[in-house]
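There are 2 protein chains.
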Amino acid sequence: MINPIKIAVDAMGGENSPNKVIKGIDIHYSKSKEVFYNIFGDENIIIPLIKKTKLTNKNFKIINTKNSIKDTDSPLSAAKKGKDTSMWLSLESLKNNDSDAMVSAGNTGALFVIAKLNLNMIEKIDKPALSALWPNKNGMNIVLDLGANIECNEKNLVDFSLMGSALHKSLFENEDSRVALLNIGSEELKGNNTIKNTYQILSEKKNPLFEFKGYIEGNHIMDGNVNVIVTDGFTGNIALKTAEGTANFISSELKKALNSSFIGKISSLMNLKNLKKFKSKLDPRLYNGAILLGLDKPVIKSHGSTDELGFANSLNVCEKTIRGNLIDKIKKNII
Amino acid sequence: MINPIKIAVDAMGGENSPNKVIKGIDIHYSKSKEVFYNIFGDENIIIPLIKKTKLTNKNFKIINTKNSIKDTDSPLSAAKKGKDTSMWLSLESLKNNDSDAMVSAGNTGALFVIAKLNLNMIEKIDKPALSALWPNKNGMNIVLDLGANIECNEKNLVDFSLMGSALHKSLFENEDSRVALLNIGSEELKGNNTIKNTYQILSEKKNPLFEFKGYIEGNHIMDGNVNVIVTDGFTGNIALKTAEGTANFISSELKKALNSSFIGKISSLMNLKNLKKFKSKLDPRLYNGAILLGLDKPVIKSHGSTDELGFANSLNVCEKTIRGNLIDKIKKNII
Chain X
22 MINPIKIAVD
32 AMGGENSPNK
42 VIKGIDIHYS
52 KSKEVFYNIF
62 GDENIIIPLI
72 KKTKLTNKNF
82 KIINTKNSIK
92 DTDSPLSAAK
102 KGKDTSMWLS
112 LESLKNNDSD
122 AMVSAGNTGA
132 LFVIAKLNLN
142 MIEKIDKPAL
152 SALWPNKNGM
162 NIVLDLGANI
172 ECNEKNLVDF
182 SLMGSALHKS
192 LFENEDSRVA
202 LLNIGSEELK
212 GNNTIKNTYQ
222 ILSEKKNPLF
232 EFKGYIEGNH
242 IMDGNVNVIV
252 TDGFTGNIAL
262 KTAEGTANFI
272 SSELKKALNS
282 SFIGKISSLM
292 NLKNLKKFKS
302 KLDPRLYNGA
312 ILLGLDKPVI
322 KSHGSTDELG
332 FANSLNVCEK
342 TIRGNLIDKI
352 KKNII
Chain H
22 MINPIKIAVD
32 AMGGENSPNK
42 VIKGIDIHYS
52 KSKEVFYNIF
62 GDENIIIPLI
72 KKTKLTNKNF
82 KIINTKNSIK
92 DTDSPLSAAK
102 KGKDTSMWLS
112 LESLKNNDSD
122 AMVSAGNTGA
132 LFVIAKLNLN
142 MIEKIDKPAL
152 SALWPNKNGM
162 NIVLDLGANI
172 ECNEKNLVDF
182 SLMGSALHKS
192 LFENEDSRVA
202 LLNIGSEELK
212 GNNTIKNTYQ
222 ILSEKKNPLF
232 EFKGYIEGNH
242 IMDGNVNVIV
252 TDGFTGNIAL
262 KTAEGTANFI
272 SSELKKALNS
282 SFIGKISSLM
292 NLKNLKKFKS
302 KLDPRLYNGA
312 ILLGLDKPVI
322 KSHGSTDELG
332 FANSLNVCEK
342 TIRGNLIDKI
352 KKNII
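In the order they appear, the protein sequences are chains X and H. Using my numbering, the letters of the first sequence correspond one by one to residues 22 to 356. Using my numbering, the letters of the second sequence correspond one by one to residues 22 to 356.
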């Protein structure tokens, strides 16, 4: 193993951790050998869990931590807990170049604040953004910002276009990035002034990293004509959560419909294989891993309630951001 | 028929009109006898269509119009076409008290502008809002604003809470209105200042028409714990269209999954009845009819691409807003 990439893992955050975290590392390790895991957490719990995995001493190091951040902690009180938490120490290992990327399934607000305390912003980027994967008919969108910034100006939205494209290119190297601004009409005249000004800037100043495709309305997010969707954090968060709520509503109604009669039960059994294929395409664990963009190291937030498979996918996102040179791509293409 | 309610119908707006409009009137009439339809449009086309229906001369009057507004007209150019269009004349019949409510499947922007030119705002309401029905687990939400106002202040959002509740109570008289503000966190501290101030006002000044339930996130819109969801027009439009896009994506993926094998085809045939039940619950035609609130008469916008069943449902919304005394409910409860 020559110069493996190093991932800092906060093992204590999120539901059912560190159990799902260690199992997730095991799943990720079985597919991707050239990775070294710096695991931050309570070694008394972690060591017995690791013994059940295929990991060897060459692949990981446990950094014993005594304290951890709860989901109920406010970002400020979490930051005040300071340096002996698994989240703080794993972010500090990024700062000290002991790790190349960091992942946590813990408290999002705390992760955001502690990451900003430990890491530098990329030069010329004013605000960090929270981005995530969102399926479309042809593959995957990157959508940002999803809640880091309630209000954004033109410069922020232009930066988000660049950062989202760099991320898309890191994750899907064979695809070209196509950016659209989320708006309420496809004509040039709708939307607020910030969006209209951003449209002007992106139309005039071409960026080698992406093609600007104009506005997109909410009902076309999943069409697959673009793959990087840019908006402020308020709108992005509402859109993402509304899509999630709609998907949950439809799947629960569908379940009710399929189970409401004897014939329904039999035929849905017959259909199980197809329905499974359908579900696997929409499985939120496949898209697990929100990415904090704008900091000078990749910080990945796994969903708190995901399982080991979801956590393994967020480790995969970590790996791809490193191998895809995400940070360099952003730095080189800032205009 | 003693004092039937009178609905002004713009017969020329939307796809496949006036055909679907006249068929929609026929469907509505068969369920609801005490209604008189003032039909605005080209009588040369409409009279032959009416001959195929069960309508008698006692139930309708045709007001012949020579001009109509196209979907491609800008709101301003539509307004300039002036008084000889079916849309203008049907709104004017509201102004002259010849009709009690008006419905059109035509150009939304034009309808908005021409309605404002012809009708007065309800006293003390500053801005009109576009509202619509949105299904939840227990029944129906009213969601507003859906695009009439890109930016809203506290007073507007408080007014929308009142108007949305009045509409919900008019449509579903046995239910209590429960209002929530769409936001990105359920804690009191998140969101922008306008939303936080609105929260304060609604918490302090109780309104007899509704109970204020605080904030709601996008993923809980369809849970059914509240039934009036208030937001600015930009956010509301993005949320509604994102939900629509998600539903379309899921149903097309589901269709693909069910048709992808022979077994799948057979079992989905067996499942047809259940899937139909499922689809009928989510049928957008059932929720057809966006309502312009804030004007002193009810103005209903049918979806342009709906069919006769959808148009009949928007006539049903017209009828309910009149019988439910929507405008009086708003006037009486303004604080």
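Calculated from the structure, these hints are not laboratory results. Just to be clear, a hint being listed does not mean it is correct.
Identical copies look the same in the list; a pair holds intra-copy or inter-copy alike.
Taking lysine-lysine and the DSSO-like style, the derived pairs with C-alpha atoms no more than 27 Å apart in a straight line are [stated by the list, open to error]:
| # | residue 1 | residue 2 |
| --- | --- | --- |
| 1 | Lys148 | Lys217 |
| 2 | Lys79 | Lys276 |
| 3 | Lys226 | Lys91 |
| 4 | Lys87 | Lys352 |
| 5 | Lys102 | Lys211 |
| 6 | Lys158 | Lys276 |
The hints, checked one at a time:
1. When the C-alpha separation of Lys148 and Lys217 is checked against a cutoff of 27 Å, the pair qualifies both within a copy, at 20 Å, and between copies, at 23 Å.
2. In this assembly of identical chains, the alpha carbons of Lys79 and Lys276 never lie at most 27 Å apart, being 46 Å within a copy and 48 Å across copies at closest.
3. In the homo-oligomer, the alpha carbons of Lys226 and Lys91 never lie at most 27 Å apart, since the shortest distance is 44 Å inside one protomer and 36 Å across protomers.
4. Taking the shortest alpha-carbon separations for Lys87 and Lys352, neither the intra-copy value of 36 Å nor the inter-copy value of 61 Å comes in at or below 27 Å.
5. Taking identical chains as interchangeable, the C-alpha atoms of Lys102 and Lys211 lie at most 27 Å apart only when they sit on different chains, with a minimum of 22 Å there against 46 Å within one chain.
6. With identical chains, the CA atoms of Lys158 and Lys276 are at most 27 Å apart both within one copy (23 Å) and between copies (13 Å).
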